[in-house]
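Each chain is listed here by its residues.
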Amino acid sequence: MTSKKAPARKSHPSGMSRREAVKLAATGAAFGSILAFAVPGREAGGAERMSIKVERMAFKLYRKEILLQTIALPDTVAEELMGGNRIALKFYRNNVWQERDIPFDWA
Amino acid sequence: MTMDEPGLPSALIFDLGRDSPFSFKCQVCSTCCYGKFIRISPYEALRLARYFGLTTTEFYAQYTEEGGTVLRVKPDASCIFLTPKGCSVHPDRPLVCRLYPLGQIVDKEGKERFGSMPAHPDCLGVAGADGTVEAYLESQGAEAYFYFDKMYAAAYKQMAAKLDSIGRKSKTRKVRRKKKNNSRNRASSDCLGSPWLDIDAAVATYCAERSLRKPDDLESLVKVHLAAVEDWLARSFSQKSRRQDFRRKNTSRP
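Taken in sequence, the protein lines are chains A and B. Everything in the first sequence is counted per the numbering used here, starting at 1 for the first residue and increasing by one. Everything in the second sequence is counted per the numbering used here, starting at 1001 for the first residue and increasing by one.
Quick caveat, the hints were computed from the structure, so don't treat them as lab data. The structure displayed is predicted, hence computed values, not measured ones. Just so you know, even glycine gets a beta-carbon here, dropped at the ideal spot from N, CA and C. Hints should not be assumed to be uniformly reliable.
Computed cross-link-like contacts, DSS-like style, restricted to lysine-lysine with a CA-CA straight-line distance of at most 30 Å [claimed, not checked]: (1) B/K1085 with A/K64; (2) B/K1162 with A/K23; (3) B/K1085 with A/K60; (4) A/K23 with B/K1150; (5) B/K1157 with B/K1214; (6) B/K1162 with A/K90; (7) B/K1036 with B/K1108.
Output of the computed footprint for chain B on chain A, the stretches with three or more beta carbons under 8 Å from beta carbons of chain B [unchecked claim]: (8) 19-33; (9) 65-72.
Working from the sequences, and respecting the hints, build out all of it.
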């Protein structure tokens, strides 16, 4: 015999289920992102002077013109890279780990 | 993080209004089509999709990443729509491409201001003060985009208000969560961040549920899309609808 749990049992204090809350958060984030809005009470570039910032970094793997995969870097790693550090690609070939620097120039 | 390397603009100053003197004569050098992060709204996606004769669902799958919020770029960091002859989607290009080199912000009171970005060192465009910001926006066909963005911004504010209320209530309950890796939480390139971005899919579902005819023209599609989003916001988060959903799911089980 199985007992069915009512959805309210797993609900958020607001009365909303977790699933709905996650869906709302994802939709809010997507719309906020494309409309360049931030959290409530703020607006994009609200300050008189807006610095040009690096918001995110990602490795993008292409086959010719086709994007195969995007791998986003955590913000903390991106911050380190801004300090003039290098990016290297490490790969396993012929039973040994090999490493190659990826040439790049922030300018 | 601030990039202060030589050759890169370090700051934007939003000190222009619609009647401020401004002009820009693009020389089609395509310099501005490289290395950009072009975010697209549902309306922009709809226009671009129709330009190719696609549904928005197909367009998001083929041309966007970051959960459908950003246009893809080519390996040389150029826009996916850039060709040797220039922009291949020029009549339906996104708002940010129309505004360049202007940037726009809207403050809390709804007042808009514009800023002129320092030109890229290789940009051949000629900036001047022969016209006004208003005239430039008109020449670029930007008004329709502002109009629909305002409508989507209103829908976003409803979402933000609901999220804000959830956040406040959450603070009263201590929840232990594991901190997850940022990169693992991001949507993959072939997955929409929210199904509500996809106008064609959302409108088709909304109209089918109500036995309505799906509109063909862009303005009606956007309006029905916004109605569907608002309906979802109002309906999905009420206790009553959750109970109904729960009952429907349980009765449909074998």
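Going down the list of hints, with the structure as the test:
1. B/K1085 with A/K64: Within the cut-off at roughly 20 Å; holds.
2. B/K1162 with A/K23: holds (12 Å)
3. B/K1085 with A/K60: Distance of about 26 Å is within 30 Å: holds.
4. A/K23 with B/K1150: holds (22 Å)
5. B/K1157 with B/K1214: OK: B/K1157 and B/K1214 at ~26 Å, within 30 Å.
6. B/K1162 with A/K90: violated (45 Å)
7. B/K1036 with B/K1108: holds (27 Å)
8. 19-33: Coverage by chain B holds for the region 19-33 of chain A (13 residues, Cβ < 8 Å).
9. 65-72: holds (count 6)
Hint compliance for this structure: hint 6 alone is broken.
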